[in-house]
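Keeping their order, the protein sequence lines are chains A and B. Counting in the working numbering, the first sequence runs from 1 upward without gaps. Counting in the working numbering, the second sequence runs from 1 upward without gaps.
Hints in this document: simulated from the structure, not taken from any laboratory.
The calculated BS3-like cross-link candidates involving lysine-lysine, where the alpha carbons are at most 25 Å apart (straight line), are:
1. K204/B with K356/A
2. K70/B with K183/A
3. K363/A with K114/B
Quick caveat, the model's predicted, so the values are computed rather than measured.
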Amino acid sequence: MFEKFIEVNRDSANRARQWKQKTGKKVIGVMPEYFPSEVITALGAYPVHFKGTQIPISRADTYLQSFSCTTTRTILEQAMQGDMDYVDGFVFTTMCDNQQNLAEVFKKLFPEKPVVTFMIPFANDASVRQPHLKEQLDKAIAGISRITGTGFTQDAFQTARALYERRAALINRLYDVRRRNPKAVSAYGFYSILKADAVVPAEEFTALLEPVVSALENKDVLPVEHRIIISGITPEPLELAKVFDEIDLSIVDDDLTSGMRQFSRGVLSGIDGAGIDRFVFGGSPCSTLFNPAQDRRAYLADKAARDKAAVVLWQIKFCEPEAFDRPDLIAFLKQRGIPVTSFEVELQMNSFEGIKTRLQAFKEIL
Amino acid sequence: MKHFAGIDVGSLTAKAVVIDENNRILGSHIMPVGQDSLAAGMNAYAQALVKAGLKKEDVAAVVSTGYSRKRFTEATMQKTEISCHARGVSVVFPKVATLIDVGGQDSKAMKIGKDGKVLDFAMNDKCAAGTGRFVDVMAHALNLTLGGLSDAALSFKEELTLSSTCTVFGESEVISLLSQGQSVPDISWAIIKSIADRLVSLVKRVGIEQDIAMSGGMAKNRALVSRLEDRIGFDIHVPGEPQIMGAFGAAVIAKGE
Chain A
1 MFEKFIEVNR
11 DSANRARQWK
21 QKTGKKVIGV
31 MPEYFPSEVI
41 TALGAYPVHF
51 KGTQIPISRA
61 DTYLQSFSCT
71 TTRTILEQAM
81 QGDMDYVDGF
91 VFTTMCDNQQ
101 NLAEVFKKLF
111 PEKPVVTFMI
121 PFANDASVRQ
131 PHLKEQLDKA
141 IAGISRITGT
151 GFTQDAFQTA
161 RALYERRAAL
171 INRLYDVRRR
181 NPKAVSAYGF
191 YSILKADAVV
201 PAEEFTALLE
211 PVVSALENKD
221 VLPVEHRIII
231 SGITPEPLEL
241 AKVFDEIDLS
251 IVDDDLTSGM
261 RQFSRGVLSG
271 IDGAGIDRFV
281 FGGSPCSTLF
291 NPAQDRRAYL
301 ADKAARDKAA
311 VVLWQIKFCE
321 PEAFDRPDLI
331 AFLKQRGIPV
341 TSFEVELQMN
351 SFEGIKTRLQ
361 AFKEIL
Chain B
1 MKHFAGIDVG
11 SLTAKAVVID
21 ENNRILGSHI
31 MPVGQDSLAA
41 GMNAYAQALV
51 KAGLKKEDVA
61 AVVSTGYSRK
71 RFTEATMQKT
81 EISCHARGVS
91 VVFPKVATLI
101 DVGGQDSKAM
111 KIGKDGKVLD
121 FAMNDKCAAG
131 TGRFVDVMAH
141 ALNLTLGGLS
151 DAALSFKEEL
161 TLSSTCTVFG
171 ESEVISLLSQ
181 GQSVPDISWA
191 IIKSIADRLV
201 SLVKRVGIEQ
211 DIAMSGGMAK
221 NRALVSRLED
231 RIGFDIHVPG
241 EPQIMGAFGA
251 AVIAKGE
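With the hints as constraints, model all of the structure from the sequences given.
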């Protein structure tokens with residue numbers, strides 16, 4: 001059922017090259033979250049999100065410290081090894097210091113590929129954020145237009161919005177199925193779908209996903225013993241999701257930047273300040289965003305209590321925003337009586353015995 | 001009378017224990033894992049049976065634990081070494097509330113509740129510092145056995161500090177201290193302090209509560225136990241044979257099953 005998505009993930013660069021040729025569109029590489037793909041689509045381009053891979057690092061460490069996260073380092077390695085040759089330009093969001101730094105490295109190493117930077121502000125309230133975000137979005141639209149040669153029109157934007165709303169509705173249905181019947185979909189299958197979403201054009205993605213969701217919705221509901229919410233940035237390396245399936249820890253929901261956080265905020269309503277502010281800050285709390293109006297600890301604790309689930313913090317090694325949140329999150333969840341454990345991974349890992357022991361021990365104490 | 005067995009195949013050694021219905025150890029065996037963890041586990045089990053004067057058919061249930069636990073398809077069930085060490089130590093010390101288990105490649109701290117149930121745990125991350133491997137590498141650099149390093153450390157005269165927590169850089173630092181003319185006992189004590197400090201941080205993650213016990217091969221290191229007691233501020237209970245507590249706990253769980 002998930003094989004088409006798994007195939008895309010096995011060979012995503014070649015698939016993206018084929019889609020580029022098929023659509024005849026320019027490709028914009030998105031690094032990696034919090035920029036609206038609907039804007040890129042409205043400007044006549046095909047967005048591809050880069051979130052790190054398992055590629056062995058041989059060149060990127062010339063420019064990034066070995067204590068940068070492997071998400072950032074493997075993205076750079078991909079580019080340096082020519083895996084992004086089909087990309088015509090990049091949009092970087094400043095969701096963390098490493099990403100911000102990476103944008104500058106890309107400008108230096110690949111001067112022929114325009115880099116658009118979308119600065120996410122640190123501000124106490126929306127009235128201060130909105131003019132800044134509007135200005136940033138306008139600049140990004142102008143930068144992407146220069147790459148695609150297509151100007152912004154409301155008609156194209158509304159068409160793109162409708163497309164992304166269909167996509168978001170489908171993914172939300174997928175999340176609903178899992179919440180209702182966690183055994184219907186394996187953790188590996190579920191996150192293979194979301195991973196493929198980063199590469200597959202939105203039209204094709206919705207066409208591929210629709211029959212899968214419908215089939216999952218018709219599956220018999222099976223009992224679940226151990227309900228888990230995973231929290232972090234991205235569920236990589238994806239093979240690790242198989243460990244949850246193998247030891248029968250059922251992931252019922254997530255709190256991931258590349259997961260539920262991006263689908264909890266809806267699509268971009270308009271290119272005004274309020275619209276882009278809602279898009280960036282209107283979703284569930286994220287370690288990479290400064291938003292005093294939200295309490296990530298209470299959000300996660302309430303979600304876990306609602307889902308009757310334990311929490312596993314899936315952390316990428318050297319991810320500073322997550323590392324800053326972790327002690328506080330763990331203490332808060334424990335105080336609320338919610339079982340919680342955490343582990344750290346690097347994207348190139350392919351042996352998970354230590355983590356498997358940790359997760360199985362966690363299951364044994366639940 | 002029924003008999004039960006536990007097989008614990010860790011990263012460096014395979015351990016097997018055979019018990020009776022009263023948790024009495026009838027036979028046990030420890031051997032290096034080598035290249036074939038399944039064979040090592042089965043050999044350790046066979047030797048433990050010989051020492052117990054029993055045959056496989058005499059054993060009602062077997063639980064496997066340790067990193068290779070899944071390979072023992074003959075086992076009645078598999079449990080993590082975290083649950084097994086907790087159960088084993090709680091039989092020996094029924095009041096135990098905090099357990100430190102330092103094995104070859106990892107270390108764990110556990111908060112233990114009634115009947116040896118693990119309430120919370122913390123493990124070292126993907127780094128050898130804070131594990132038996134760290135001490136093994138350092139002992140090798142000093143041309144000492146593990147026991148020799150413990151004895152040497154207990155006769156230290158001057159307080160030295162090992163600044164690096166990384167095993168590779170720590171080894172370089174030990175070699176540098178030797179070349180500066182520092183004594184082996186002083187360097188040995190610096191090594192023990194380094195691992196003990198990391199273990200204290202690990203234990204604090206689950207909370208330190210009396211009674212405290214220690215299991216795993218490193219619990220045989222008197223210098224390490226002494227340093228931990230100083231840092232934690234409580235006595236630490238060490239079972240007679242701390243290295244087999246995982247296998248013993250597995251056998252006790254087998255009895256329950």
